[in-house]
Amino acid sequence: MKAVFERLYDHYHRDVFQFILYMVKNRDLAEDLVQDVYIKVMKSYDSFNGKSSEKTWLFSIARHVTIDHFRKQKRTRERIMEFFDWGEQGERLKDNEPLPEEITIQKEEMKKVYRGLDYCTVNQKSVIILRFIQSMSIEETAAILGWSESKVKTTQHRGMKALKEQLEKLEEEGIEHEA
Amino acid sequence: MKREPHRFDDENIKKQLKQMPTIEDHQTKDELYRKISPHVSKPASKKKRTWFAPAVATCAVLLLLALILPTVMLNSNQGSAPLNDSADQAESSGEKANESSEETTSEDAQPEGAEESESQQENPSHDSLKKEPDASSQAEDGGEASFSEDAGPQLNSHVVTSSEEGAVQVAFPEPSGQYVVPVTLQSDSDAQKSLIDILNEGVEEYVQPETLGLLEFMLEGFTFSVDESGKTARITAPEGFSSQGSSADVLFVDSVQSMFSSTVVEEVALKDNQGNPLVLGNYGELTSLTVEKEERAAYKIFQANNETPQLLIPIKADYREVSEAIEELKESESQNKIYPSIPEQIAINDINAAEDSVTIQFNDAQDWEANQEILNMVESILMTVKAFGYEEVVFESPGRSQIGPYDLTGSISVPSNPNPID
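Protein chains in written order, with the numbering used here: chain A, 1 to 179; chain B, 1 to 422.
Just chain A, same shape as in the assembly:
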């Protein structure tokens, strides 16, 4: 079992961790979730049928683990918002995650793009991370998400549009602040 783990780790860990981290944007959480991914992978490795590549398989498990997390988080957030009637303030909760140090040292423009990703849907975010941050092809992205290539293309297009709108909005707000 250890050999399988080691091999999967050596080949894919860095990429899988990137994916989860950019999805959830919290290092501690990403570290917990990546553990869940390996637990699921190791438990089901015997039944992995080799129809997809190992990489595709590993990423699709990582995606499911992340989506499960978002579902749980949404339920919790809905309960909190109901209770306090936070409304818009609740929406802003996601802005307050501390930036990983690797992002802190980057240019302002990149930090904005990083923050802007939160305003995409989970699907849009998955596609943008896989396609651009992780430089995967449309074909590979489609295989991981279990979608058709055209769905990847449309989701990518909508995601980029949402991201752009959000960035423009942030920019205008910034200018107003400074004015």
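I should point out that these hints are in silico values taken from the structure, not numbers from a laboratory. If you're wondering where the values come from, they're calculated on a predicted model, not measured in any experiment. Treat each hint with caution, since some may be false.
Claimed, not checked - Residues from chain A shown here face chain B by an in silico Cβ test under 8 Å; the list is partial:
1) M1
2) F5
3) E6
4) Y9
5) D15
6) Q18
7) L99
8) P100
9) E102
10) V113
11) R115
12) I133
13) S135
14) I138
Ideal Cβ positions, reconstructed from N, Cα and C, are used throughout, including at glycine.
Place chain B on chain A using the hints.
Below, chain B alone, put in the same frame as chain A:
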């Protein structure tokens, strides 16, 4: 101070995304493994075994009963002499190729059983009884080989012993792209050719990886040299070389390690054809590699398909000690065509590593057949032990005294290289 709004267009956003930094996981591989291993249940596989063994045993008992009962009943009608005959015959026909009991006809038994009474020949259950030990022992081999008592010449060795000089080891990735498989070129026809000569001429001049079920050589087109001391090798990439992704980078480095591991080269310097460091995504800028002399690998069996030969494949993991790697030899990775080299029914009681030698104590209640499976087991253990820097292996209570070229009653020196090809 006023600022012009920044224009965010698709291209600019994509550029920012592509330049997003790599964020490292702060937990190490070992920490992560420690955290997950309690959750990845051994019980699941043990559970399987708890029902599997009794189920197999029950089936075997039922099958035996089905075979024996008619015989016993028949014999009780005819007296005891024919039973002894058939038992003798079971031994004498032990070397016949296997047929399933259903396919076995009384005709098959005739050449050897000509002196038998008619009543025996007419009764298919006798033949089934006679064939049974054979069928089980050769199930793995498709019945092609017939083995003499002390291992026949039909068994294929998958290693080169140190007495055979001039062996050159190269390496190719297997089709799942996870591992590299070392292959040893023997110098019969190409006497005195060094690894460097062969690499510069083009490895595929000497061996066609597709015939072995393997993928193309990872360093095709590279040029190779060694310095005067022979301790440092230099590898230069062909023009236009670029990283093919993180998996390919791992295979590239594993190929280099594998090829030089059994040479005197200690360091491999890498550069591109402009003299710059090689840029490999996973490793960043790579200027040199220290050759790992102990690969600390578990050697299992790889076979791409029925048309290609079985090969020993080193599975590298951070095994803490040789015993851990030997335990790994029982694990299957069949989706990658990688199979256990220790058969499930072989029980190891203890593994002891002393200074230069490793002693493996088997369960002395077991007999081993003289078949390829057992030879593979012995050779995979020898290679695994070598991979941890030991020099010899002692098999305690082996299930037979000899297999292939190995005398299992004494200590056996580890081989020098795996997977010889002519």
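Problem set entry | Hint check, P100(A) versus chain B [nearest Cβ-Cβ separation less than 8 Å] | 5 Å, holds
Problem set entry | Evaluation of the interface hint that places V113(A) against chain B, nearest CB under 8 Å | For V113(A), the interface hint holds, since the closest Cβ of chain B sits about 4 Å away, which is under 8 Å.
Exercise. Against chain B, with CB atoms and a cut of 8 Å, does the hint on S135(A) hold up?
Worked result: Check passed: Cβ of S135(A) comes within 7 Å of chain B, closer than 8 Å.
Problem set entry | Closest C-beta approach of Y9(A) to chain B relative to 8 Å, hint status | 5 Å, holds
Exercise. Was the hint right that L99(A) lines chain B, CB cutoff 8 Å?
Worked result: 10 Å, violated
Problem set entry | Status of the F5(A) interface restraint (C-beta, 8 Å, chain B) | 6 Å, holds
Problem set entry | Restraint outcome when D15(A) is required to lie within 8 Å of chain B by C-beta distance | 7 Å, holds
Exercise. How about I138(A): closest beta carbon in chain B under 8 Å, or not?
Worked result: 14 Å, violated
Problem set entry | Residue hint E102(A), partner chain B, criterion CB-CB below 8 Å | With a minimum Cβ separation of about 4 Å from chain B (threshold 8 Å), the hint on E102(A) holds.
Exercise. Taking 8 Å as the limit, does the beta-carbon of Q18(A) come near enough to a beta-carbon in chain B?
Worked result: With a minimum Cβ separation of about 6 Å from chain B (threshold 8 Å), the hint on Q18(A) holds.
Exercise. Does the nearest C-beta of chain B fall within a distance shorter than 8 Å of the C-beta of M1(A)?
Worked result: 7 Å, holds
For this session: Could you check if I133(A) really has its C-beta closer than 8 Å to a C-beta on chain B?
Result: 5 Å, holds
The structure fails to meet hints 7, 11, 14 from the earlier list, while all remaining hints are met.
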